[in-house]
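**Q** This note's numbering runs 3 ahead of the 1-based position in the sequence shown.
Incorrect hints may have been included.
Stated by the list, open to error - Lysine-lysine pairs mimicking PhoX-like chemistry, simulated, CA-CA at most 25 Å apart:
| id | residue 1 | residue 2 |
| --- | --- | --- |
| 1 | K683 | K561 |
| 2 | K229 | K791 |
| 3 | K107 | K97 |
It should be emphasised that the hints constitute simulated quantities derived from the structure, not laboratory data.
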Amino acid sequence: METIAELAEIDNPQRVARAIHPLRSVLHQSEAPGVVSTLHASFPEFMLSSERSGIYFYDIVEHSHILARRCFMVMKEELRFNICDLFSSFVPDKEVECLQDKIKAKISPTLGYACRFWANHLALAMQSNVLLALLDELLRNRLLFWMEVLCLRREIPAGIDGLLMAQKWLTNGRISTPELLLLADEARAFVTGFAANPISCSTPHIYISSLGFCSHSSLIYRHYRKRTHGLLQLRGTLMERRESAPLISWTVGEVIYSLTLSRDGTRVAVGCIDHTIRILSAYDGAIHAGPLVGHANTVFSVAFSPNGELLASGSTDCTIRVWNAFDGTLFSGPFNGSSAVISVSFSPDNTRIVSGFKDGTISIWNAHSGALLLGPWNARDILVRSVVFSPNGMLIASPSVGHAVQIWNSNDGTPAASPLQGHTRQVECLAFTPDGTRIVTGSVDKTIRVWKISDRSLAASLFEGHKEPVIAVAVSPDSTRVASASGNNVRIWNIIDGTLAAGPFFSSDVSYNSLAYSPDGTRVFSGYSDGTILVWNPRDGMFPPPPLPPQNALIGIKSVTFCPDNAHFMSSGSLGTLLMWNIADGSFATSPNEVKIIPSPFSTLSHDGSFVAGTSKGGSLQVVDTVNGSLVAGPFEVESDSLSTFQFSRNNQAAIIGCHDGTIKICELQSGNTAVGSLKGHHKRVSALAESPDCSTLVSFSDYEMAFRVWDVATPALDFQLPNTSVDPGAKQRYTAIYEGWSIQEDGWVINSRHDLLFWLPPDIASAWCSPYASLVITRSGILKVPKQKLFIGDQWTSCYVSD
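Let's have the full structure, built from the sequences with the hints guiding it.
**A** Okay, here's the thing in structure tokens:
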């Protein structure tokens with residue numbers, strides 16, 4: 004009642020109640036929440052028909068304009084930063100005390116409705132300058148506040164759908180601007196990235212974690228980053244590469260051989276090397292069903308039925324199984340094939356499944372009974388890597404002998420036309436365009452071709468640019484774009500002329516196995532051999548990554564040493580080549596060829612010659628006096644067989660120990676205590692160490708990772724903003740504890756020993772930066788620089804946003 008009154012601009016909700024009272028035969032009003040709903044579909048049908056309702060006709064276009072405008076006005080008036088007065092960013096929403104009471108008190112029913120349904124009303128309204136201006140104002144000034152409400156009410160997926168509706172409304176209109184279209188697209192990408200990652204469990208991290216890691220060239224970053232301070236700032240080429248980073252990264256845990264997306268875009272299914280299938284949410288990666296167990300070998304192919312109710316899987320165990328796509332129960336099968344099943348696909352009417360086999364044959368099955376309807380017939384290839392139905396179900400396409408593609412009649416398995424010939428190597432993948440007019444093929448010859456089905460001619464010039472075989476292709480729902488996967492990169496092409504529309508989007512060193520376009524055309528899903536699923540935004544624009552560090556600069560390094568200026572360090576390779584590195588930005592210069600040094604083993608003697616490191620009877624590391632052999636320090640909690648490198652500090656007050664597990668320990672000789680705790684960052688053994696002349700900085704190298712790390716051992720690179728310690732004497736002690744047990748979890752959350760949610764890192768950054776003391780990381784993938792900075796987190800997080 005209250006919401007209806009506010010949206011209709013009626014000053015008293017009782018007037019609404021009195022107006023509804025005579026309509027009790029067609030409207031229902033619940034007593035507690037005051038929700039009004041229709042009793043039967045015939046009533047809205049009557050009201051929406053001008054012929055039937057006459058003077059009572061409800062003009063949905065006109066009134067949707069009014070309701071959309073009122074929703075925008077309510078959000079403009081009521082949305083604000085930290086709307087529920089959340090005290091700390093360290094706590095996930097589910098652990099906030101009395102959160103539901105806060106939501107009820109701070110988010111009015113009208114605001115909740117407006118945030119949830121403004122886009123539904125907008126989608127039905129005619130475009131106008133008024134609505135365009137209101138949408139622009141929301142996206143430019145209140146997007147993050149709006150996300151707060153949706154996040155707290157657990158309605159973020161509805162927000163993604165709403166922004167997609169807004170995009171379509173803008174695209175279909177005549178007066179929208181390109182900048183507003185781009186802003187809506189980037190807003191949707193930002194909300195999608197937040198919703199699909201672990202940060203969505205904590206509303207404050209919309210600002211603390213999500214904003215800082217979105218594309219720095221995006222309008223969202225440019226509009227909102229200037230209104231914040233005290234947020235984490237990282238620099239270097241690893242951050243620059245995030246311009247083409249995936250929106251989402253999920254880990255399945257097993258090698259992914261196949262991936263498919265449901266027609267409604269809500270679920271993604273993967274077939275894995277461990278013989279199982281998993282069905283996940285396409286919004287946040289949560290497991291809907293699975294692992295589905297039944298196959299006895301690798302699942303090479305999975306496919307949703309067009310209606311989304313069934314999921315077919317083909318395995319190298321020579322069987323096909325059909326599963327309930329919602330709960331994962333076995334629906335039919337197994338269907339026994341002639342050899343290993345390489346590819347499966349549903350017919351458009353959901354009734355048939357076509358399968359391609361390793362022995363080069365094709366069969367068609369009844370999806371419900373498992374009866375063999377047709378085949379097996381010889382597809383003229385060693386193995387059928389890909390087989391698909393046409394959108395009308397009348398044709399089937401598969402690779403064929405002679406690097407060609409064969410189109411078959413699906414009713415009898417006979418060739419529908421002569422083969423499509425042009426590729427110079429075998430065809431790895433193919434797909435019909437959704438409009439049914441063309442077929443797209445990818446080949447080992449590193450090219451993509453688009454063919455007209457009507458006359459079998461090439462519809463566009465060659466799509467060239469990949470440097471490795473093309474192993475997966477997917478076509479956008481509007482048949483205008485082609486996504487292709489090759490090696491470790493995805494590219495998006497214009498289907499008309501073969502020009503590059505977006506990308507390349509690079510993953511790590513692992514290769515793609517599968518690819519799928521979302522039904523709304525806003526995302527491309529890719530499955531990898533390392534068990535991860537990456538989701539990309541196929542937006543316009545080309546994103547060549549910044550250059551990688553020269554790979555040979557990180558190979559064969561045997562020793563490192565600091566320069567007297569404390570600002571550079573030197574590295575020497577196995578051939579004695581000397582490089583000078585700048586710790587400010589990770590750049591390096593090569594010394595003249597005649598300058599050579601011979602690497603020496605690490606020293607166990609202190610700089611003044613008074614101490615020497617050795618092994619105790621128990622096998623632990625200890626330090627003894629070189630004159631009388633008395634114990635100076637130790638034994639330390641480091642076994643000699645775990646020691647990979649060692650040196651004394653320049654001031655002879657500490658032992659610096661590098662270990663095979665990648666950790667570094669700095670142990671004070673006088674007390675035996677660890678000075679700053681274990682420095683954890685390297686994933687494998689520390690092979691070289693060097694300390695700066697002023698003892699404030701340490702550089703380490705791991706020959707396994709081929710990576711340098713520079714550590715600020717005196718003070719962390721990050722400083723957390725403290726409360727007024729003169730008012731609260733215990734505050735400094737509490738904030739010192741923030742650094743204790745600092746670690747990065749598998750899901751990207753940086754936590755401490757108290758499990759506070761400090762901030763969240765995307766996978767590519769989390770794998771490189773693993774300690775608050777690391778100020779510079781140089782890897783084969785790029786450079787990460789951590790400037791000295793203060794962060795507003797914890798109970799200081801409310802200071803991070805500067806209101807207009």
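**Q** Decide, hint by hint, whether the structure agrees.
**A** Comparing the hints with the structure gives:
1. For the hint pairing K683 with K561, the CA-to-CA distance comes to about 21 Å; that is within 25 Å, so the pair holds.
2. A hinted pair counts as satisfied when its Cα atoms are at most 25 Å apart, and K229 with K791 qualifies at roughly 19 Å.
3. Under the criterion of a C-alpha separation no larger than 25 Å, the hint pairing K107 with K97 is consistent with the structure, at around 15 Å.
Of the numbered hints listed earlier, not one is contradicted by the structure.
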